[in-house]
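A.B. asks: Those sequence lines, one after another, are chains A and B. So for the first sequence, full-length UniProt numbering puts the first residue at 1; every next one is plus one. So for the second sequence, full-length UniProt numbering puts the first residue at 1; every next one is plus one.
In silico lysine-lysine, DSSO-like type, Cα no more than 30 Å apart, as pairs:
no.: 1; chain 1: B; residue 1: Lys615; chain 2: B; residue 2: Lys106
no.: 2; chain 1: A; residue 1: Lys214; chain 2: B; residue 2: Lys176
no.: 3; chain 1: A; residue 1: Lys80; chain 2: B; residue 2: Lys198
No wet-lab data here; the hints were simulated from the structure.
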Amino acid sequence: MTTLPASTEKKLGLAIDLDTCVGCHACVVNCKEWNTSNYGVPLSDEDAYGAEPHGSFLNRVHTFEAQPASGCSQTIHFPKSCLHCEDAPCVTVCPTGASYKRSEDGIVLVNENDCMGCGLCAWACPYGARELDALAGVMKKCTLCVDRIYNENIPEEDRVPACVRTCPAGARHFGDFSDPNSNVSKLVAERGGIDLMPEMGTKPVNKYLPPRPKDVPSDEQLNGQNTEPKGFLAWLDKALEAI
Amino acid sequence: MTDTKVAARPSPKVSDEVRKTTCYMCACRCGINVHLENGKVKYIEGNRDHPVNQGVLCAKGSAGIMQHYAPSRLRTPLKRVGPRGSGEFEEISWDEAYEIAASWLKPIRDTDPSKLAFFTGRDQSQSFTSFWAQAFGTPNYAAHGGFCSVNMAAAGIYTMGGAFWEFGQPDWDRTKLFMIFGVAEDHDSNPIKIGLGKLKSRGGKVIGVNPIRSGYNAVADDWIGITPGTDGLFILSMIHELLKAGKVDLNYLSRYTNAGFLVDANEDSAEYGLFLRDKDGTPQVIDRATGKPAKYDAKGVKPDLAGHIRKGGITYKPAFQLLAEKYLDAQYAPETIAAQCGLTPEKIKATAAELARVAFDEEITLDVEWTDWKGEKHKTMTGRPVSFHAMRGISAHSNGFQTCRALHILQILLGSVEVPGGFRFKPPYPKPPEAHPKPHAGFAAGKPLDGPHLGYPMGPEHLLINEDGSAKRIDKAFTWENPYSAHGLMHMVISNAHAGDPYKIDTLFMYMANMAWNSTMNTTEVIKMLTDTDENGDYVIPHFIYSDAYSSETVAFADLVLPDTTYLERHDCISLLDRPICEAEAAADSIRWPVVEPDRDVKGFQSALCDLGAKLGLPGFVNDDGSQKYADYADYIVSHERRPGVGPLAGFRGPDGDKNGRGEPNPNQLEKYIENGGFWINHIPENAQFYKPWNQHYQDWAVEIGLFDAAAPYVFNLWLEPMRKLQRAAEGHGDIQPPDHLRDRVKATMTPLPEWYEPFEEAQVDKDEYPIHALTQRPMHMYHSWGSQNAWLRQITGVNKLYIPGKIWDEKGFSEDDNWAYVTSTHGKIKCQVARMDALNENTVWTWNAIGKKRGAWALSEDAQEATKGFLLNHLINELLPPKGDGRRWANSDPVTGQAAWFDLRVKIEKAPPNGPSEPAHPAHKSPVGQGPKDIAYGEEF
Chain A
1 MTTLPASTEK KLGLAIDLDT CVGCHACVVN CKEWNTSNYG VPLSDEDAYG
51 AEPHGSFLNR VHTFEAQPAS GCSQTIHFPK SCLHCEDAPC VTVCPTGASY
101 KRSEDGIVLV NENDCMGCGL CAWACPYGAR ELDALAGVMK KCTLCVDRIY
151 NENIPEEDRV PACVRTCPAG ARHFGDFSDP NSNVSKLVAE RGGIDLMPEM
201 GTKPVNKYLP PRPKDVPSDE QLNGQNTEPK GFLAWLDKAL EAI
Chain B
1 MTDTKVAARP SPKVSDEVRK TTCYMCACRC GINVHLENGK VKYIEGNRDH
51 PVNQGVLCAK GSAGIMQHYA PSRLRTPLKR VGPRGSGEFE EISWDEAYEI
101 AASWLKPIRD TDPSKLAFFT GRDQSQSFTS FWAQAFGTPN YAAHGGFCSV
151 NMAAAGIYTM GGAFWEFGQP DWDRTKLFMI FGVAEDHDSN PIKIGLGKLK
201 SRGGKVIGVN PIRSGYNAVA DDWIGITPGT DGLFILSMIH ELLKAGKVDL
251 NYLSRYTNAG FLVDANEDSA EYGLFLRDKD GTPQVIDRAT GKPAKYDAKG
301 VKPDLAGHIR KGGITYKPAF QLLAEKYLDA QYAPETIAAQ CGLTPEKIKA
351 TAAELARVAF DEEITLDVEW TDWKGEKHKT MTGRPVSFHA MRGISAHSNG
401 FQTCRALHIL QILLGSVEVP GGFRFKPPYP KPPEAHPKPH AGFAAGKPLD
451 GPHLGYPMGP EHLLINEDGS AKRIDKAFTW ENPYSAHGLM HMVISNAHAG
501 DPYKIDTLFM YMANMAWNST MNTTEVIKML TDTDENGDYV IPHFIYSDAY
551 SSETVAFADL VLPDTTYLER HDCISLLDRP ICEAEAAADS IRWPVVEPDR
601 DVKGFQSALC DLGAKLGLPG FVNDDGSQKY ADYADYIVSH ERRPGVGPLA
651 GFRGPDGDKN GRGEPNPNQL EKYIENGGFW INHIPENAQF YKPWNQHYQD
701 WAVEIGLFDA AAPYVFNLWL EPMRKLQRAA EGHGDIQPPD HLRDRVKATM
751 TPLPEWYEPF EEAQVDKDEY PIHALTQRPM HMYHSWGSQN AWLRQITGVN
801 KLYIPGKIWD EKGFSEDDNW AYVTSTHGKI KCQVARMDAL NENTVWTWNA
851 IGKKRGAWAL SEDAQEATKG FLLNHLINEL LPPKGDGRRW ANSDPVTGQA
901 AWFDLRVKIE KAPPNGPSEP AHPAHKSPVG QGPKDIAYGE EF
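Extracted from the complex, chain A is given alone in its bound form:
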């Protein structure tokens, strides 16, 4: 069993805006592209041109429908990757110490050299955020692009996770949640950012910014409202005089 740090100096993570995510999968593919040739073994693809291809991804977008109590059904795009939990069950369950949470920034990583691919961590993670690479037999997960965010070989403005750098709608924000004045902390405060499945007690660092209310006023509320406009011709004469 592996221990978690009692506290971390920073809490780096993502604030993901569900009001803005259009479900385009840009983050999914750019993540794959960056991570397949950087940190650790490649993210392989089995049966890549065959009947049912399946490979490792560190970030996936799920699309589902939600039917509010009244009004139209809504479609939600929900990007999901490791949430870098403060009480990360994937770390404590690891029998070899390969899974660990960094005390300096809170990032949860897998030391692939020590991973034996037992899969206990994936079983322990309530979010399904870890994927065992079938070809390499080691556990893969989001590293928050640890090899980008401190990387002095890339321009400073690009030292953010690949998914954040590429997101066309600007729905993904990276920052330090331990700093109340950081961009992400402010967004969470303004928009009522939420934890994913808080009942699991994992204390996720990543936060989701919920969709704003939609379809307001609803058809039912509009029903019977009098918005009848009046007076075209009188208006036209008067309006032309004013030009």
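We have chain A already, so just place chain B on it with the hints.
C.D. replies: Chain B in isolation, oriented as in the chain A frame:
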């Protein structure tokens, strides 16, 4: 164990080198940084300096590595050795390929150039390919606009000098209300997402009008789940409401549109519906100061927009008066039309009221002085912060042209075009219809064509019809069937050539469009047409040359295959002569260049055309001594001049590379572009950034950089006189007359003010038998992305299901385990899987387009999910409407532009026996490139 952990602050080298070029994973043309290590592509990211994508990159762009290294890449020219469709080819050299091509093309050119049909698909080099086609002399050239969004483009040009995407964009930094209609994820992909993000971060509102709540409609604050094909009715009803409320911008209309133009309102007059003109031909308005007719463009004239005058016994009314009379009629009232649109009257009223509130109550003002085309100085710029976008969703109906025009008129009535917070043109637009060429089809043996193929007719006199009424072009563009078909009709070429109607051709030459599969209507029948033989056993379409980079379905049906490069291996120019990458505040163009060299015997298609053009001795492609003029496409890009000083690329011209827009060719121009990140940008001065059609500063700037040669201000067309000219002909006026069987249709559909009519297929089918609308859209991660069956993207969407609303799901008793269905149209039947979706118009079903693949294509295994479970709706859509009993088959296209009416489809659904495969299950062909590897682990070498 900690010694093998990653360093606290890891800082690995990313790559050896970054090369900046232009993406081509779709038509959006974003700037990309291609990271190379040991000569191999390691990582692709967006270019932060680039005007289009400003650093971001979509899923397609990020999957470029899998496209570039795809096993489906063609490797060498191919000559067919088995029957068409068998996939049996022999690999040949380029010399032999050119010999074969010339042996077919040379005799055609020497005798009858119209026997070549040259259609170039998703070509981004149309100013070059059309130049080649013109030099060859065939009238039969176009790209893919006819089956894409020509209704939007043409309605925009005719109404106001430009439409959405390449023509213009919302003022994303200032707009407060954005309304998006229909399937629109197809064009301007990253800029719209960037814009939505900006708008949302400011608290702005998004209204989505779409039968399907996916993509942008999922994040819309308000979703209007309209019935397909009724958008035009909804828009005209909102116009009714705005007029009734007096919420239109009269100042704007009187200054910048033809609202005041006097129209002959006497039904018995020969000139009924045409403008009153003076002896110089200038349209007349009533001058409010004098009450008398005056030239609309005279200084100080303020036109009246209401009332009438009598002159020579004829009543003339301002166009706006006619518009108001028309749309104030109760037939456009929300109460009348709401049910047909699948909406409530209250919703229509509330939406119109919201547009009006934001446009007029939240007006914005920029303190920027400017001077208008009449010399009047203005202290400020007034903005109406509502903006719109639409693309294929409202275009791909048989009432699409008029619907698109209605949307453009809605924007104009609100005064929100070319103003702060509204819709803004991107250079070289605005450009009114008169400033575009007219279509040409004058051909002769051994001669170039007499002018450009495509253009904007202004009346019957510009149609391309012979004296006997027959079409001059193989696709019947610019005929009475579709008079203003500005982009041609690529989707009709194979069926017309097969039918020999209007005439037979010898060689079909196509590029970059999968016309034997997902880019065609009626896929199964088109395959039969391509393989059909005559009584001698010869193919009915004798020769078929196709150029593609990948082993697409269409490759298998070609006689000769010219292998194109991937987008990272080629030269291209995204040119101001064509479809550039400009922004509302800048002119810009860009290049592609070989950031990696091809490792196969392939050639950029445009370079192959330079070789072939020289071999055929085409004018413009040979020097005076007969030698080849352009060594390759890069040579053409740098050296060609369309007008003196104006060439394919506007940047870094002149011997020192310091001239913008106009200047002598610069032999080092491409190097300059590469140094600058692959693009060139020239900003519009601040006082020229809005009101472009009427802004003196803009007009002067445009002349200076060579967009046009003299200032050309114009007004927007509420009343579209060129449409009325067609109607007049149908009423019997003039020498050029439509055939009798089309008269009523021309009268009904070519209205000078937008009219809504029921889509043709819908009007014709038994609605009880086929009660359901069926639509398609491409997933955002695949839109406009052709080729390769990308190993990463096919994991996101490799199987499509037909999404059906809960009502139909329950009615038919489908369940998760019992979800196979037969879907039937008047034309065909398919078998596919269905899935429930409730965020959907209750009479509409839809699926992801172009997921289904033919066995044997794309280097996939024959049991690939795309072939066994994926499917196409194309099999259900005929290029012709069902027979009407008059012995004629009418095209399933818009009657104005000929745009393919993909979205008019009506179907019925029944349960089918469980289990696949999806049907029709076309048999496999032999893969010309073998099959891709089983497992991959890209990046292990880095």
